[in-house]
Amino acid sequence: MDKKFAVLPCNGLDKAAGSLTREIAMRLVEETGSEIICPVFYRVVDARYNKLAEENPLLVIDGCGTRCASKLAGEKGLKIAGKININEEAKKNNVEIGASLRLGENELHLCDLVLKDILKEEEKEIKGEENVAGAVPENLEYEKFTKDKFIFRIPKEGFYYNENDCWAYVVGNKARIGVTDFVQKSLSDIMFFTPPAMGSEIEQFGEAGSIESGKAVFEIISPVSGMITAINEELLDFPEYINDNPYEKGWIAELKLTDFESDKELLIGFDEYFEIVKRKVDEFHV
Amino acid sequence: MSENTFMGVPRDKIDWAPTIDYTKCDYCMECDKFCPHQVFEVRENEEKKLIVKNPNNCVVFCRACSKTCGPDALSFPNKPETTKQIKEIRKELEGNG
Chain A
1 MDKKFAVLPC NGLDKAAGSL TREIAMRLVE ETGSEIICPV FYRVVDARYN KLAEENPLLV
61 IDGCGTRCAS KLAGEKGLKI AGKININEEA KKNNVEIGAS LRLGENELHL CDLVLKDILK
121 EEEKEIKGEE NVAGAVPENL EYEKFTKDKF IFRIPKEGFY YNENDCWAYV VGNKARIGVT
181 DFVQKSLSDI MFFTPPAMGS EIEQFGEAGS IESGKAVFEI ISPVSGMITA INEELLDFPE
241 YINDNPYEKG WIAELKLTDF ESDKELLIGF DEYFEIVKRK VDEFHV
Chain B
1001 MSENTFMGVP RDKIDWAPTI DYTKCDYCME CDKFCPHQVF EVRENEEKKL IVKNPNNCVV
1061 FCRACSKTCG PDALSFPNKP ETTKQIKEIR KELEGNG
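Chains as they are written, first to last, in the working numbering: chain A, 1 to 286; chain B, 1001 to 1097.
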């Protein structure tokens, strides 16, 4: 309990959502002894907060999709332990944030809800869900191609792909999913993984969490439909595993399949995907 | 983009592109800076300074630009419906083939 954070709010002054990040940061200081990293000062004086961020779990609070606080953390190479986006929290909790820059009743109510969530999360230790061990075999054989200094690996056998650069590896009525080398190379250093909710039902091509680098957020587009039965919890601490190998230790989640026979019709195998990804790499500089 | 198809379906038959809510958009142009596919176009001298110029360049199921949007002004079609649409078109094409 009472876990102390280093809190980095965006502190955006021109939107109520930005002011809310500051309010939440202040409440965390009061209630958990957390310490605030001022984004304005941090930009100017680098050394000021480095120690604080190193010694405490870093909680990043963004007001909106511009994600200024996340980007700042990325620029400074900080390791993010937890992340909140006020606009997304507002949607999730069905709270409307008003146009006024001052925090009103609604905004303060949202602040309470978010805080409750943060503190609750600290209480519950992540329970060890058992993963289907070895869903993807070791020593995968890859076909590779290079573009400039980048090497792209695509597993040759047993994987299904969608055209959104995500893969599924199916064993019986379960599938493991993840992203391909194209995604991790395009994003470069992945800093944060938002997993899909355990037990949630996902449609084919629905969102199965997201990953984020300093450059962008990538929505993981599930190649298959089903219920999430496991997530790769190691990625919460080590999202960089996706950069190391997105097929093996960088896998994203596992699902119990609902209708793979039908899903399969819209998926492609190695041959087709390899051609598509080569074309994409040629078209876009990564 | 030589053969402009997605899942074997001509891209222009699939309804998938962002819609800009002009009551929310603050023309920060983050989406345009982000999108590598030139879906948007900036028109400095017009009232609507940002438009969806090339909807068919938009990667089907990608909603990444909306995640860069501060004022939350971008929306997309419903995914399951788009999937259904793709399946139907594929069936039609198979029938014709």
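Honestly, the hints are just simulated from the structure, not real lab data.
Each hint should be verified, as a subset may be incorrect.
A short, non-exhaustive set of chain B residues, derived as facing chain A with CB atoms under 7 Å [said to hold, decoys possible]:
id, residue
1, M1007
2, T1068
3, G1070
4, D1072
5, P1080
Here are the simulated lysine-lysine pairs, DSS-like style, with alpha carbons at most 30 Å apart [claimed, not checked]:
id, chain 1, residue 1, chain 2, residue 2
6, B, K1024, A, K278
7, A, K249, B, K1079
8, B, K1079, A, K280
9, A, K71, B, K1053
10, B, K1087, A, K278
11, B, K1079, A, K71
12, A, K76, B, K1079
13, B, K1013, A, K280
14, B, K1049, A, K215
15, B, K1013, A, K71
16, A, K174, B, K1084
17, A, K256, B, K1084
18, A, K71, B, K1024
19, B, K1049, A, K278
20, B, K1033, A, K79
21, B, K1049, A, K264
22, A, K92, B, K1033
23, B, K1049, A, K91
24, A, K92, B, K1024
25, B, K1048, A, K215
26, B, K1013, B, K1091
27, A, K264, B, K1084
28, A, K185, B, K1033
29, A, K256, B, K1049
30, A, K156, B, K1079
31, A, K278, B, K1013
32, A, K256, B, K1091
33, B, K1079, A, K92
34, B, K1033, A, K215
35, A, K91, B, K1024
36, B, K1091, A, K91
37, A, K149, B, K1033
38, A, K264, B, K1033
39, A, K278, A, K264
40, A, K215, B, K1053
Where is the CB? At the ideal position from N, CA and C, for every residue including glycine.
_I'd like to know which numbered hints this structure contradicts. Please list them from smallest to largest._
6, 12, 15, 19, 21, 29, 36 and 38
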